[in-house]
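Q: Mapped onto UniProt numbering, the consecutive letters of the sequence shown carry residue numbers 1 to 298.
Some clues are possibly wrong.
Capping the alpha-carbon separation at 20 Å, the derived lysine to aspartate or glutamate pairs in EDC-like fashion look like this [as the list claims (entries may be wrong)]:
id: 1; residue 1: Lys36; residue 2: Asp78
id: 2; residue 1: Lys162; residue 2: Asp285
id: 3; residue 1: Lys36; residue 2: Asp16
id: 4; residue 1: Lys162; residue 2: Glu245
id: 5; residue 1: Lys106; residue 2: Glu137
id: 6; residue 1: Lys106; residue 2: Glu258
id: 7; residue 1: Lys2; residue 2: Glu46
id: 8; residue 1: Lys162; residue 2: Asp265
id: 9; residue 1: Lys230; residue 2: Glu245
id: 10; residue 1: Lys106; residue 2: Glu223
id: 11; residue 1: Lys162; residue 2: Asp114
id: 12; residue 1: Lys230; residue 2: Glu248
id: 13; residue 1: Lys36; residue 2: Glu46
id: 14; residue 1: Lys106; residue 2: Asp221
id: 15; residue 1: Lys230; residue 2: Glu175
id: 16; residue 1: Lys36; residue 2: Glu51
id: 17; residue 1: Lys162; residue 2: Glu258
id: 18; residue 1: Lys2; residue 2: Glu42
id: 19; residue 1: Lys106; residue 2: Asp124
id: 20; residue 1: Lys2; residue 2: Asp78
id: 21; residue 1: Lys162; residue 2: Glu260
id: 22; residue 1: Lys106; residue 2: Glu245
id: 23; residue 1: Lys106; residue 2: Glu227
id: 24; residue 1: Lys230; residue 2: Asp172
id: 25; residue 1: Lys106; residue 2: Asp135
Cβ pair distances, simulated, as ranges [as the list claims (entries may be wrong)]:
id: 26; residue 1: Glu126; residue 2: Leu5; range: 18 to 28 Å
id: 27; residue 1: Gln43; residue 2: Pro111; range: 48 to 58 Å
id: 28; residue 1: Gly18; residue 2: Glu227; range: 33 to 43 Å
id: 29; residue 1: Arg256; residue 2: Thr107; range: 26 to 36 Å
id: 30; residue 1: Ser208; residue 2: Thr65; range: 38 to 48 Å
id: 31; residue 1: Arg209; residue 2: Met155; range: 24 to 34 Å
id: 32; residue 1: Thr65; residue 2: Arg157; range: 24 to 34 Å
id: 33; residue 1: Pro295; residue 2: His69; range: 38 to 48 Å
id: 34; residue 1: Arg4; residue 2: Met155; range: 23 to 33 Å
id: 35; residue 1: His251; residue 2: Met155; range: 32 to 42 Å
id: 36; residue 1: His69; residue 2: Gly28; range: 40 to 50 Å
id: 37; residue 1: Pro183; residue 2: Met155; range: 52 to 62 Å
Everything labelled a hint here was simulated from the structure, so no lab data went into it. Note that CB positions come from ideal geometry on N, CA and C, so glycine has one too.
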Amino acid sequence: MKARLDHMSTFLSVCDNGSIAAAARALGLSAPAVSKQLSALEQSLEVVLLERTTRRMVLTPAGRTFQEHAVATLRLLDDAERNCLSRIKGEPSGTLRVVAARWLTKTSLLPHLDEFVRRYPAIDLELELAERFPDLEQENVDLIFAMSMAGSNGMVRRSLGKTAYWLCASPDYIERHGMPETPEQLAEHRLITHAMRHPPDRVWLWGSRQVVMRPALRLNDTEAMIEAVKQGLGLAWLHHYMVLEAIEAGHLCRLRSEWEQPPIDVALFYRASGRALPALRHFIDFAVSHCRLPPLPT
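Using the sequences and the hints, build the whole thing.
A: The following block contains the structure:
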């Protein structure tokens with residue numbers, strides 16, 4: 001059984017790294033040893049998992065299916081091990097993998113993280129600062145902070161509050177380009193948009209009104225979007241809680257509030273099976289208590 005699991009892990013490493021040589025370096029093994037494990041796995045399964053060419057390795061249909069099941073299997077074993085250790089030791093332990101936006105991490109998580117670390121010293125955290133929607137199963141992620149999750153069926157969500165997207169521009173931009181008074185005028189302005197937004201040239205106003213705009217700048221970080229708006233590079237729809245101070249200080253202007261969509265939830269998403277992990281339960285409780293969003297202005 002152990003050999004089969006080792007071969008499965010080696011196969012996934014080859015998939016992740018793209019070649020036997022790269023996987024061997026990542027695993028600290030020789031390339032022939034990795035190749036031998038792959039061959040043994042294919043022989044035991046009686047299928048070809050990888051088409052080997054001189055330039056690259058390509059998953060076969062059977063290989064793609066096995067990859068999905070292998071990820072799920074190793075994930076279940078990892079969860080079981082963490083849960084068992086927590087029960088044996090009488091304290092939460094293990095590694096939690098969390099994906100969260102940079103702003104939320106800096107303002108809400110990091111200032112209080114020392115409290116969590118002192119309380120649960122056996123829990124290790126891998127915190128990725130990103131604004132994306134990972135595949136929790138495939139990427140072995142325990143928790144994500146997000147506004148919406150495509151394909152979130154089977155996931156549990158814990159709300160952190162609500163956010164509203166405000167249309168913002170710098171005073172200098174408005175002085176140079178004018179205030180858009182109608183959706184038709186809005187379509188003539190430069191749009192700064194997030195790389196995760198699809199399609200990139202569409203914005204939705206109150207009442208499901210759709211406007212096509214030129215995506216003059218696309219960024220994968222909201223803080224960078226705010227800086228671009230401050231510099232007068234265009235208009236952007238931004239989270240209210242990230243621009244309140246800039247608006248109060250006069251660095252940004254909030255435009256056409258009557259066009260804004262209703263507020264939406266910001267939440268924690270995690271797999272239903274994760275509720276069995278004490279470490280994850282404790283971190284979720286910590287995050288919910290410390291990462292509450294500021295209320296929407298009335």
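Q: All hints, please: hold or fail.
A: Hint check:
1. Of the supplied pair hints, the one linking Lys36 and Asp78 is violated, its CA atoms being roughly 25 Å apart against a limit of 20 Å.
2. Distance restraint check for Lys162 and Asp285: the Cα-Cα separation of roughly 18 Å lies within the 20 Å cut-off, and the hinted pair is therefore satisfied.
3. Pair hint Lys36 plus Asp16 holds up; C-alpha atoms about 18 Å apart against a cutoff of 20 Å.
4. Among the hinted pairs, Lys162 with Glu245 is consistent with the structure: their alpha-carbon atoms are about 18 Å apart, no more than 20 Å.
5. The straight-line distance between the Cα atoms of Lys106 and Glu137 is roughly 26 Å, outside the 20 Å bound, and the hint therefore fails.
6. Of the supplied pair hints, the one linking Lys106 and Glu258 is violated, its CA atoms being roughly 31 Å apart against a limit of 20 Å.
7. Between the alpha carbons of Lys2 and Glu46 the distance comes to roughly 19 Å, so the proposed pair stays at or under 20 Å and holds.
8. Taken as a hint, the Lys162 and Asp265 pair is honoured in the structure, with Cα atoms around 4 Å apart against an allowance of 20 Å.
9. Note on Lys230 and Glu245: the hinted pairing holds, with a Cα-Cα distance of about 13 Å set against a maximum of 20 Å.
10. The straight-line distance between the Cα atoms of Lys106 and Glu223 is roughly 11 Å, inside the 20 Å bound, and the hint therefore holds.
11. Only pairs whose Cα atoms come within 20 Å are accepted, and Lys162 paired with Asp114 is rejected, the gap being roughly 26 Å.
12. Only pairs whose Cα atoms come within 20 Å are accepted, and Lys230 paired with Glu248 is accepted, the gap being roughly 13 Å.
13. Annotation: proposed proximity of Lys36 to Glu46 holds, straight-line Cα distance about 15 Å (limit 20 Å).
14. Using a Cα cut-off of 20 Å, the hinted pair Lys106 and Asp221 holds, with the two alpha carbons roughly 14 Å apart.
15. With a C-alpha separation of about 13 Å, the suggested pairing of Lys230 with Glu175 holds against the 20 Å cut-off.
16. At most 20 Å may separate the alpha-carbon atoms for a hinted pair to count; Lys36 and Glu51 meet this at roughly 15 Å.
17. This hinted pair checks out: Lys162 and Glu258 have alpha carbons roughly 18 Å apart, not beyond 20 Å.
18. This hinted pair checks out: Lys2 and Glu42 have alpha carbons roughly 16 Å apart, not beyond 20 Å.
19. Restraint check: the Cα-Cα separation between Lys106 and Asp124 comes to about 18 Å, which is no more than 20 Å; the hinted pair holds.
20. Note on Lys2 and Asp78: the hinted pairing holds, with a Cα-Cα distance of about 14 Å set against a maximum of 20 Å.
21. With a C-alpha separation of about 14 Å, the suggested pairing of Lys162 with Glu260 holds against the 20 Å cut-off.
22. Proposed proximity of Lys106 and Glu245 is supported: the alpha carbons are some 16 Å apart, at most 20 Å.
23. Straight-line distance between C-alpha atoms of Lys106 and Glu227 comes to about 17 Å, which keeps the hinted pair within the 20 Å bound.
24. For the given pair, Lys230 sits about 9 Å from Asp172 by alpha-carbon distance, which is consistent with the 20 Å threshold.
25. Straight-line distance between C-alpha atoms of Lys106 and Asp135 comes to about 24 Å, which puts the hinted pair past the 20 Å bound.
26. Judged by the Cβ atoms, the range 18 to 28 Å given for Glu126 and Leu5 holds: they are separated by roughly 22 Å.
27. At roughly 54 Å, the beta-carbon separation of Gln43 and Pro111 lies within the given 48 to 58 Å, and the hint holds.
28. A hinted range of 33 to 43 Å for the beta carbons of Gly18 and Glu227 is consistent with their spacing of about 35 Å.
29. Between Arg256 and Thr107 the Cβ separation comes to about 27 Å, which falls inside the hinted range of 26 to 36 Å.
30. Between Ser208 and Thr65 the beta carbons are some 40 Å apart, a value that agrees with the proposed interval 38 to 48 Å.
31. Take Arg209 and Met155: their Cβ atoms lie about 31 Å apart, and the range 24 to 34 Å holds.
32. For Thr65 and Arg157, the hinted distance range of 24 to 34 Å is satisfied, since their beta carbons lie about 29 Å from each other.
33. Checking the proposed 38 to 48 Å range against Pro295 and His69 shows it holds: the Cβ atoms sit about 45 Å from each other.
34. Hint check: Arg4 to Met155, Cβ distance near 30 Å, so the stated range 23 to 33 Å holds.
35. The hint said 32 to 42 Å for the Cβ distance between His251 and Met155, and at roughly 37 Å that hint holds.
36. Roughly 26 Å separates the CB atoms of His69 and Gly28, a value that falls outside the hinted 40 to 50 Å.
37. Distance hint for Pro183 and Met155: a CB-CB separation of about 35 Å, inconsistent with the stated range 52 to 62 Å.
Violated hints, in rising order: 1, 5, 6, 11, 25, 36 and 37; the structure is consistent with all others.
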